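K.L.:
We have chain A already, so just place chain B on it with the hints.
Residue numbers (the UniProt record's numbering), protein chains in the order written: chain A, 1 to 428; chain B, 1 to 306.
All clues given are correct.
Label-pair restraints from in silico Cβ distances:
hint: 1; chain 1: A; residue 1: 73; chain 2: B; residue 2: 294; range: 45 to 51 Å
hint: 2; chain 1: B; residue 1: 151; chain 2: A; residue 2: 73; range: 34 to 40 Å
hint: 3; chain 1: A; residue 1: 423; chain 2: B; residue 2: 67; range: 23 to 29 Å
hint: 4; chain 1: B; residue 1: 44; chain 2: A; residue 2: 141; range: 31 to 37 Å
hint: 5; chain 1: B; residue 1: 76; chain 2: A; residue 2: 141; range: 27 to 33 Å
hint: 6; chain 1: A; residue 1: 416; chain 2: B; residue 2: 72; range: 26 to 32 Å
hint: 7; chain 1: B; residue 1: 299; chain 2: A; residue 2: 416; range: 40 to 46 Å
hint: 8; chain 1: A; residue 1: 423; chain 2: B; residue 2: 79; range: 20 to 26 Å
Just so you know, these hints were derived from the structure itself, not from any lab. Owing to the predicted nature of the structure, the values given are computational and were not obtained by experimental measurement. Ideal Cβ positions, reconstructed from N, Cα and C, are used throughout, including at glycine.
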Amino acid sequence: MRSIHWASLGGALALILALAGCGGSSQTSSQAASAKGPIQVWYSNNPEEVKWGEAMVAGWNKDHPQDQVTGQQIPAGKSSEEVIGAGITAGTTPCLIFNTSPASVPQFQKQGGLVPLSDFSGANAYIDSRTGSRAGQYKSPDGKYYQMPWKTNPVMIFYNKDVFQKAGLDVSNPPLKTYDQFLTTSQAAVAKGGVRAAIWPAPSSEFYQPWFDFYPLFIAQTKGKQLVENKQPQFDSSDGIAVANFWRQMYAGNLAPKEPAQGDAFATGQAAMAIVGPWAIAQYTGKVNWGVVPVPTKNGMDPAQIHTFSDQKSVGMYSSCKNRGTAWDFLKFTTSSANDGQLLELTGQMPMRTDLPGTYGSYFQSHPEYKLFADQASRTVEVPNVPNSVEMWQDFRAAYSKSVIFGNQSVDQSFKAASDQIKTLVSQ
Amino acid sequence: MAVSAPAPAGARRPRLQTLLGEQPIGYLFVAPFVIFLIAIYAYPFFYSIYMSFYDYFFAAPGAVVDRPFVGLANYTRAVQDPLFHIALRNVVIFLLINVPVTVVVAMVLATALNAAIPLRSFFRAAYYVPYVTASVAAVSIWLWLFGGPGLVNKVSGPLAPNPTWLVNAFWVMPIIALYVTWKGLGLYILLYLAALQNIAKELYEAASVDGAGRIRSFLVVTVPGLRPATLLVVITSVITGANLFTEPYLLTGGGGPDNQSVSPVFLLYRQGIEQNHPGYAAAMGLLLVLGVLIVSAINRFVLERE
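Looking at chain A on its own, in the form it has when it is part of the complex (with noise of 0.2 Å):
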């Protein structure tokens, strides 16, 4: 009996050792800048991703024996960002994740979780030279780079050409420049078209889903400003408020639903138009007959000037990298000229580089469907980089589902009590 506990007690301890040597390691920081070595990396897990993660892979390992680098996607999850969040606190975030999402980059960096690329020599240069004036907006209140912007999806319309034929609407010059246009043009869609809903952009209360109604369009009327600006909110203004309650015109008139959709209602034929990135054009080859046109504004604006929100994506360099030195040559050579020409080739997603149609020209010239969005590319604008981004952003969103969606306030009253408590969250 008594060698039984002692074994127990043995048992035990032996495992609060074990724990014990998980935890702490002597590297610092600036050793691990430096280090070199095997390396892991997550990306998206999206078909097309993939492939260009494995190619990325592969031709890296080729040419380094010695810094091997292991990739996989990402693993599953509600949202990547919830991933990301639980691998940062339990240490288990790989060197480089393709994915990060630049709302949840404040959050990630007040964890700890994240290196500031920018303390690598020449990163700052680096990242200016490739995103060009863009690149400013995802630096942190610190002045630091800790994402590098990657590849973006600029927000625009999406419209099934055979359903505006049917309703008897203009097809290669769709009247959807104003607010005034996109209603009349949705009230046609609807009643001719054949369809349950002019545009479907999904009426549930996550925390994004402002990125894909409200948001393009408050860029595009406002010339490209953000949510919030010198922490200061900005949609409680008259252009804030006229692209709300264009929206609300859309939820009162049915012509988009409040219920969620049951798949995607573009691709399924359930709604005319879409409001989206690039990212969905291979959901849509084969099954819709779609065109594009750039978000509308109240007035309609020269589309040259138009504006939108970028649906970026950045990558981000995650503290529990032991072998940092790796990692940032593995990013800048994910991110060269010709990687980010082979994104482009393989996802058909917007690398976040300067002159997109000079530097890609054969492949706008073979794509011609891709070159309104690498026009676009350029005039993109990202989430604000500031504290409490997420709840920000839930609190917006739930200003915007009271008023607009379900119509139970005034939009004045409900953005005026949202912009208060973000100005409050932004601040602290």
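P.N.:
Below, chain B alone, put in the same frame as chain A:
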């Protein structure tokens, strides 16, 4: 007669035995569950009490972060948070529908399935199927049933509400309560079926001799005989109901419409995981635990008294 002193080891043995019992190896057998209980329930519970007094957030291992002590601030915030009030109201509406309907329907169906009816085994299995069906699959069916162009609206015709059920502020919680009742019914029917086996047949015979019909027998014999099971069903359904999460998460797209189906546990998830305010989430969680304890105590008092 000389009496020799007992050996020292012999003197310690009774004390050890008193401490560890006749069969100390039993501790080894229960150890895995005790460790599981401590690691999965007790430690997180006590840690959440600690977190609720701090401006706590999850951070990377080794990261130097500031998590100041905030006293009762998280509790004050929860008590004053209008969204938490809405969530509590929603869960009360849910429980007021879900618990009585569960008790009545499960008891009646269990009694029916206990009788010698045709296809008894089939019905017993059929009522249990929703309980073991994955929530995502069951939710998809209900979304299809209660959606705008869904079957329920087609059958209801002009009586269908506008906006439709799951985006209607009045109907959304009753529909969720019915969904949860339907999904969990199989378990409660099983509990009642087991309890029915303990009711002596003689009681029914005596009731019959006294002239009681089926309904009277059900009311005077079955219902009182099932009281211990009813207590279990009520407490279990109150606890699971207070933990409502999957339905606002999946069925109504995050507590819609306009937060009218948001639940306290959904708020915990949003605050604790999405927004990384686990200190505040812990305070809300502990207030919820307190509420459930009070309701359970009331249930015991009401249902257990003679």
